[in-house]
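Spelled out, the chains give:
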Amino acid sequence: MSSFIVTRRGLLRTGALSGLALAAPMHFVRGAYAEDKMSCNVPTGDTVTFGFNVPLSGPYADEGQDELKAYKLAVKHLNGEGDGGMLPTFSSKALKGNGILGKKVAFVSGDTQTKADAARDSAKRMVEKDGAVVITGGSSSAEAVAVQSLCQDLGVIFMTGLTHSNDTTGKDKKRYGFRHFFNAYMSGIGLGPVIGEAYGADRKAYHLTADYTWGWTQEESMKAATEKLGWQTVKTVRTPLGIGDYSQYITPVLNSGADVLILNHYGKDMINSLTQAVQFGLRDKQVNGKQFEIVVPLFSELMAQGAGEAIKGIYGTANWDWKLTDPGTKAFTQSFGKEYGTPPSQAAHTCYVQALLYADACERAGTFYAPEVIKALEGFDFDGLGNGPTLYRAEDHQCFKDILVVQGKEAPKDKFDLLEVRKIIPAKDVTYDAKIFGGDLGPADAKTC
Amino acid sequence: MDAILLQILNGLDKGGAYALIALGLTLVFGTLGVVNFAHGALFMMGAFCAVAFNKLLTLQSVTIDPSQTTPWGSPMEVRQPYVEAWLGESGKFLVDYSVPASILLAIPVMLIVGIAMERGLIRHFYKRPHSEQILVTFGLAIVIQEIIKHYFGANPIPQPAPAAFRGTAAVGEMIGLGQGLPYPWWRLIYLAFSLSIIGAVFAFLRFTTYGMVVRAGMRDRETVGLLGINIERRFTVVFGIAAVVAGVAGVMYTPILPPDYHIGMEFLVLSFVVVVVGGMGSLGGAVLAGFLLGILQSFASMNEVKAIIPGIDQIIIYLVAVVVLLTLPRGLMGRAGVMEE
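Just so you know, the protein sequences line up as chains A and B, in that order.
433 is the number that UniProt numbering gives to position 433 of the first sequence; each next residue is one higher, with no gaps.
285 is the number that UniProt numbering gives to position 285 of the second sequence; each next residue is one higher, with no gaps.
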């Protein structure tokens, strides 16, 4: 039978060893405190999965494909492959090109079909089945609003793609949703003075408006901006989405007394309505002793390609253009051009930037835990991503930065050179009070899935 | 008055497109008894014949100019269209008229596609229920769409009308109503074109022996077969003709609506309503209903009409269909016994 004798030396040695043993795990989990706080799909392995939710079919499929190209490039750059793109020009130096928080970035993608319900289904699958920690992408406001609401419910951050409706960061804003792209209100503020200067203060405008959330807010914003110039609004007409032939809506414009037609249409609708308005000779008409003009508040390079000759001389606004000369734009255009042989569209740019911004926020927060990442994005000031100094405003999750007034080029060199940047509207001029569009961000509660 | 005349013109050119598609649908239904949901895809394929022909004419030689670089640092490619280099001004003229010229490509292509479609797939579904025919032809339409999207992308591809027809015609002066009433030249040409194609199809069926046999086959297929005539083969050719009609309608529509892979579907549903309103199997009914619905749709879009009945522009076609079918269950000119079993 052995006897158990406690000595002073033995007690001290045992105490020291026990203390060391208890303290050791703290050394290995240092910096990983937040993983104790789990939110939906916080990665536990050595990869982190992004969910790219883009339209690969439907009317905005070409834009969606450009978005996906940009996302793939962003993943490359985040993982330290390629030339790094905008990582070196980005003012935040948290990203080192070694993934995010030491984890390699992987991705899954889904086809939104340019439909809100399909976009929701696809985002849900990527979160629930593929383990995506963030959802990003999309080319329409209807999709963005639907997916944003889903992501709020799931507790997954949604970095929107191309969405221009005021509602996305207005009445439908969500704590888990973040928009880098500009909005219809900003288009109105930016475009108003330029068309006022070009066409004068005594004008009569006729609006044709796509009958959904984006169209309504675009019409409202343009109406406010032009009426502020002294223009009179003759008529606002809502048109169904995707009707193809707009002749029955264009012919009433001929005898309406209006001398400006504002087309609040986007995508294929814009291509068709603009092409047909030009065919009906509107731009050759003289009304009220003035040259008849057409304005398209929002258009993109891809749409300009679809509209062909009709886009020449038309004023509009854009979030970004590859021909800008800042270092961020140059680096991204070079990187994208080398990879794919074409310059990037504004849809590609905003998506690339959103992927980087999310990754950077995780690095700065030191965690993938969603509420902490949200805090890191809210009120974040940055530069070097192509739009000059930018603020991700905490109150509505809308980015405030310079926007562009563009005009269809009269003599383009090729199909990528269709737009000319006419004016850069400074961020301070397009900044507005977050309260004007109402809405409530809702809680940032973490959810597990 | 001007506004009303303009809406009538709008309705007529829109109705022309509906009538051409509905005519082909009715021909196929009347001869083969097949409800062909891939007919819109044939319209779209015709439109893409124009796109392909234009791409062919604008094929370019590419040389690298090392003295210039792209914004991403690659050497600049200098492109020169072959046709313009070889033919000079004549080449430019040919490119300018590529849309009407592409009809020459579309006719044989659509004839072959139509016959291949009928022989390769649709013939296996003659005796199957209409629901199965709809499913298989709808599936076929989706396959064709995806193939076109793969090769041409999803973005609409503009096809300008020849420069001489890009402006507007002073219709008011033409009909003695003074100035005003400007209407795009190409839409007027499209209207004339659709009327002439409709006339040609009717003349073919009415005044040729071939057409007479086809009409007889539409009435009583078995008796015509008993007379030793291979009616199956004639119906296959009719399917090819229907494909050609849809195809050339698509070609000529490209300057009005830049085509994309989905353009056929946009017309298909409305064209089916046109066929039903006109009367299943009635060629005259399809044409009449096409123009009628086109005009009514245009009038329903007038601000004055919408002020009285908001949203009427979006439901008028279906409203008319309901009223016609309630009062004339066989449609405007439908025959007894068609789809009534």
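One or more of the hints may lead you astray.
What the hints assert, rightly or not - Here are the computed distance ranges between Cβ atoms for each label pair: (1) B:Val305 <-> A:Glu197: 35 to 41 Å; (2) B:Tyr318 <-> A:Lys228: 24 to 30 Å; (3) A:Arg393 <-> B:Ala116: 56 to 62 Å; (4) A:Lys413 <-> B:Arg166: 32 to 38 Å.
Stated by the list, open to error - The list that follows gives simulated cross-link-like pairs (lysine-lysine, DSBU-like), each with its CA atoms no further than 35 Å apart: (5) A:Lys435 <-> A:Lys235; (6) B:Lys149 <-> A:Lys415; (7) B:Lys55 <-> A:Lys285; (8) A:Lys413 <-> B:Lys149; (9) A:Lys323 <-> B:Lys149; (10) B:Lys149 <-> A:Lys72; (11) A:Lys312 <-> B:Lys127.
Because the hints were derived from the structure by calculation, they are not lab data.
Quick reminder that beta carbons are idealized off the backbone N, C-alpha and C, glycines included.
Inset, instruction - Against the structure, test the hints numbered earlier, and report the numbers of the ones violated in rising order. - result: The structure conflicts with hints 2, 4 and 11, although it agrees with all the remaining ones.
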